[in-house]
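**Student:** Take the numbering used here: the final residue in the sequence shown is number 84, and no numbers are missing along the way.
Hints in this document: simulated from the structure, not taken from any laboratory.
Being a predicted model, the structure only gives us computed values, none of them experimental.
Worth double-checking, as some hints may not be accurate.
With beta-carbon atoms standing in for the labels, derived distance ranges [said to hold, decoys possible]:
| # | residue 1 | residue 2 | range |
| --- | --- | --- | --- |
| 1 | S15 | R48 | 35 to 45 Å |
| 2 | R67 | R13 | 33 to 43 Å |
| 3 | E20 | Q52 | 18 to 28 Å |
| 4 | D44 | A17 | 35 to 45 Å |
The beta-carbon is built from N, C-alpha and C at its ideal position, and this holds for glycine as well.
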Amino acid sequence: MSDPVRYSQAPVELPLDDGWLYGYVKPQGCGVCDALDGQARAAIQRGQHRAAYEAAEEIRAHSDGHDRTPTPAAVRG
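All chains should be modelled from the sequences, with the hints used to inform the complete structure.
**Tutor:** Here it is as structure tokens:
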């Protein structure tokens, strides 16, 4: 009797899909979202996937409360 091959192939490594993992819509004129956007972009460049995800998640959570109009500070800008 032959020995069965338990692992016939190398493991499959799926790429991180930044479309859903890091995706967000940043409202215009929000300083908080602008800062978080900068953090997310920098983390992606450094390869720090968890930090990038957390910044993107904060933007998604924070931007839910926006009324989509610029803040007075952003208008003066």
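**Student:** Any hints from earlier that this structure breaks? Give me their numbers in increasing order, please.
**Tutor:** none
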